[in-house]
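S.K.: Got chain P; can you put chain D on it based on the hints?
Number of protein chains: 2
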Amino acid sequence: MMQTLTVDLGDRSYPIHIGPDLLRQAGLLVPHLQQPRVAIVTNTTVAPLYLSTLQQALEQAGVQVLPVVLPDGEVYKTWESLNLIFDALLQHRCERKTTLIALGGGVIGDLTGFAAACYLRGVPFIQIPTTLLAQVDSSVGGKTGINHPLGKNMIGAFYQPRVVLADTATLNTLPDRELSAGLAEVIKYGLIRDAAFFAWLEQNMTRLVERDPAALAEAIAVSCRNKAEVVAADEKESGQRALLNLGHTFGHAIEAGMGYGNWLHGEAVAAGTMLAARLSLALGWLTAADVQRIRTLFVQAGLPVVSPDLGVDSYMDMMGLDKKVEGGKIRFILLQGIGKGVISGDVPPDVLKQVLARAALDD
Amino acid sequence: MMQTLTVDLGDRSYPIHIGPDLLRQAGLLVPHLQQPRVAIVTNTTVAPLYLSTLQQALEQAGVQVLPVVLPDGEVYKTWESLNLIFDALLQHRCERKTTLIALGGGVIGDLTGFAAACYLRGVPFIQIPTTLLAQVDSSVGGKTGINHPLGKNMIGAFYQPRVVLADTATLNTLPDRELSAGLAEVIKYGLIRDAAFFAWLEQNMTRLVERDPAALAEAIAVSCRNKAEVVAADEKESGQRALLNLGHTFGHAIEAGMGYGNWLHGEAVAAGTMLAARLSLALGWLTAADVQRIRTLFVQAGLPVVSPDLGVDSYMDMMGLDKKVEGGKIRFILLQGIGKGVISGDVPPDVLKQVLARAALDD
Numbered sequence: 070m071m072q073t074l075t076v077d078l079g080d081r082s083y084p085i086h087i088g089p090d091l092l093r094q095a096g097l098l099v100p101h102l103q104q105p106r107v108a109i110v111t112n113t114t115v116a117p118l119y120l121s122t123l124q125q126a127l128e129q130a131g132v133q134v135l136p137v138v139l140p141d142g143e144v145y146k147t148w149e150s151l152n153l154i155f156d157a158l159l160q161h162r163c164e165r166k167t168t169l170i171a172l173g174g175g176v177i178g179d180l181t182g183f184a185a186a187c188y189l190r191g192v193p194f195i196q197i198p199t200t201l202l203a204q205v206d207s208s209v210g211g212k213t214g215i216n217h218p219l220g221k222n223m224i225g226a227f228y229q230p231r232v233v234l235a236d237t238a239t240l241n242t243l244p245d246r247e248l249s250a251g252l253a254e255v256i257k258y259g260l261i262r263d264a265a266f267f268a269w270l271e272q273n274m275t276r277l278v279e280r281d282p283a284a285l286a287e288a289i290a291v292s293c294r295n296k297a298e299v300v301a302a303d304e305k306e307s308g309q310r311a312l313l314n315l316g317h318t319f320g321h322a323i324e325a326g327m328g329y330g331n332w333l334h335g336e337a338v339a340a341g342t343m344l345a346a347r348l349s350l351a352l353g354w355l356t357a358a359d360v361q362r363i364r365t366l367f368v369q370a371g372l373p374v375v376s377p378d379l380g381v382d383s384y385m386d387m388m389g390l391d392k393k394v395e396g397g398k399i400r401f402i403l404l405q406g407i408g409k410g411v412i413s414g415d416v417p418p419d420v421l422k423q424v425l426a427r428a429a430l431d432d
Numbered sequence: 070m071m072q073t074l075t076v077d078l079g080d081r082s083y084p085i086h087i088g089p090d091l092l093r094q095a096g097l098l099v100p101h102l103q104q105p106r107v108a109i110v111t112n113t114t115v116a117p118l119y120l121s122t123l124q125q126a127l128e129q130a131g132v133q134v135l136p137v138v139l140p141d142g143e144v145y146k147t148w149e150s151l152n153l154i155f156d157a158l159l160q161h162r163c164e165r166k167t168t169l170i171a172l173g174g175g176v177i178g179d180l181t182g183f184a185a186a187c188y189l190r191g192v193p194f195i196q197i198p199t200t201l202l203a204q205v206d207s208s209v210g211g212k213t214g215i216n217h218p219l220g221k222n223m224i225g226a227f228y229q230p231r232v233v234l235a236d237t238a239t240l241n242t243l244p245d246r247e248l249s250a251g252l253a254e255v256i257k258y259g260l261i262r263d264a265a266f267f268a269w270l271e272q273n274m275t276r277l278v279e280r281d282p283a284a285l286a287e288a289i290a291v292s293c294r295n296k297a298e299v300v301a302a303d304e305k306e307s308g309q310r311a312l313l314n315l316g317h318t319f320g321h322a323i324e325a326g327m328g329y330g331n332w333l334h335g336e337a338v339a340a341g342t343m344l345a346a347r348l349s350l351a352l353g354w355l356t357a358a359d360v361q362r363i364r365t366l367f368v369q370a371g372l373p374v375v376s377p378d379l380g381v382d383s384y385m386d387m388m389g390l391d392k393k394v395e396g397g398k399i400r401f402i403l404l405q406g407i408g409k410g411v412i413s414g415d416v417p418p419d420v421l422k423q424v425l426a427r428a429a430l431d432d
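Respectively, the protein sequence lines represent chains P and D. Using the working numbering, the letters of the first sequence map in sequence onto residues 70 to 432. Using the working numbering, the letters of the second sequence map in sequence onto residues 70 to 432.
No wet-lab data here; the hints were simulated from the structure. In this text the structure is predicted, and so the values were computed from the model without any measurement. Hints are supplied without guarantee of correctness; some may be wrong.
[Stated by the list, open to error] Just so you have them, the derived chain P footprint on chain D, three or more residues with Cβ under 8 Å:
(1) 150-160
(2) 187-199
(3) 215-221
[Said to hold, decoys possible] Partial chain P-side listing against chain D, Cβ under 7 Å, derived:
(4) Leu159
(5) Arg190
(6) Ala226
[Said to hold, decoys possible] Pair ranges (Cβ atoms, derived):
(7) D:Pro100 / P:Glu128: 51 to 59 Å
(8) P:Arg162 / D:Thr73: 41 to 49 Å
(9) P:Ala238 / D:Gly79: 38 to 46 Å
(10) D:Asp432 / P:Ser82: 36 to 44 Å
(11) D:Thr75 / P:Ala283: 35 to 43 Å
Virtual Cβ for every residue (Gly too), placed ideally from N, Cα, C.
One chain only, chain P, in its complex shape (with noise of 0.2 Å):
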């Protein structure tokens, strides 16, 4: 039933093991583990559920757990929650060979792989990731960091797991707006580099919908692979990597504009998406067809497509906040075709803002 990738990255290559029922497998983590000794980061909406069956995992396979447990929500991604952790670590005296374990969404893998990467200049991390959306994207990549009150993920570091668990047990209980939230990112890898995938989420997105685990296991693996494909080719994202931020520019302005936490990440991530599908047809690039092909599965997988109406000045001035800024001008990620994303600095800003001004019409 459990399937594994590697993700390639020479002497930082990592495993990631795929299946139901992880959580309780010690002997998929013990190996990579430096001393018996590990703190498991989590929230307190994740704790209740999966804390005790991992903890009890490991201490039966004779490995000492430290619990970490952070309020939850996007609006703790701060430098007061990775002191929390700081705190913890140092009050128990954790060493360089302790492991720091991610037990939850996106948001605990970015703040516990943070903090594996500052805490005494590095320790060693692991990822067990319990969203859909973390599954599929956050674990993957060695992307981590916090928020700041001037932009989302400006503070961080690249930093790898030495193994990832996805659990697809853990689905069981991600409320559906959550569900829907990582079919988001599902959706892009299609977009971006394998329209056969994108037809394959066509056929089966009621499926993924209802949950049904042989289709969300095949759905994370693809996208994993994906995922991992173009991490290996680019880690430091100066180049391809960037296309996995198709929908970002924009989603991230509709994060902030909006107030953290209010629209999940992968919600604004399909109504970017959106807008950078309408911007690529308004460059004549993808058809009025392929446009509608996008919305259908976005809407199948309980997506919004329709931004909210921030204003052209208000998006722009978000945007000219992004990470993805060089030289003064943004550089978008647009679409060439359904599984056909690329990457230009020379979009023509009336375009940008005959977009942006029809954000919220739903045409």
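M.R.: Quick look at chain D alone, frame taken from chain P:
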């Protein structure tokens, strides 16, 4: 007049230029910039002395400069200061290709390097150390970070600069006490791996204390060469690099015990090195005559050779938090002779406690 060394770290190798008035030579920096834009991070002590010289040289070379002036002192090596840097970078929309330049001592170097490691998950970084300590120690090797209330340098990253300028003219404004603190690290290189350099220092300490420019340049160059060799062989401190921590396990306890900022780092290292020498003597590894040679050189350099009377329990407690703890056991850097540092995890606790009990005695 200018000497250049290279720290050999594969694709992260970088040059160290040593000589007078390098601040004015923008041509040493410009080839390392990815865009004609830098942020110079400095402090309220260094800014009035050297900021305008550096800023004007860069501006005349067509480089846009954002100065960021922080308060001066080890007590400001905190998250709050780091955030002042992030605030300035974000407010001015600095991008991934903007280079951060550290202009100042070790605190500025550590803060700026860590900011560069984290900002947008990593931007380029240049070191211009203006104290002897920073020139011979903290500007070489890529260690960056901040203090935590529970320990010094607990949060940080290994992050290499693109180039280091050690401008010896900046030492003319250095207070005597800080010059001496820098000499503690200079002496350390002789002790751990370069007996000939130690002997040279015994002959030339008077010239160094009197700030003879040629003697200082020679001491800096030999120190940097020694450190560069150690770092090149062991970038992430998994083995021999730990030798550079001679005196530091004790020294960190002294700094923490006396309150950060009251003892200069180099002063604590000097007193801590005397404890390491006495511990080596107690273990039968070092002769009493060699301990006296070390003591004499520290005294000539204007450094303390007696530690504060913190009490054995307090020393033990504060050393237990040190990063060099492994499996609950403290690894010490000791001496098996002048020029021969060794790493030992096998110090009997009672011998250690006897030495600590006599820490405040000059015997």
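S.K.: Hint by hint, say whether it matches the structure.
M.R.: Now the hints, each set against the structure:
1. 150-160: holds (count 5)
2. 187-199: With 5 residues in contact (Cβ-Cβ under 8 Å with chain P), the coverage given for the stretch 187-199 of chain D holds.
3. 215-221: holds (count 3)
4. Leu159: 4 Å, holds
5. Arg190: 5 Å, holds
6. Ala226: 6 Å, holds
7. D:Pro100 / P:Glu128: 51 to 59 Å: Between Pro100 of chain D and Glu128 of chain P, where Cβ atoms are some 55 Å apart, the hint holds.
8. P:Arg162 / D:Thr73: 41 to 49 Å: Check passed, 42 Å falls within 41 to 49 Å.
9. P:Ala238 / D:Gly79: 38 to 46 Å: 43 Å, holds
10. D:Asp432 / P:Ser82: 36 to 44 Å: 55 Å, violated
11. D:Thr75 / P:Ala283: 35 to 43 Å: 56 Å, violated
Hint compliance for this structure: hints 10 and 11 are broken, all remaining hints hold.
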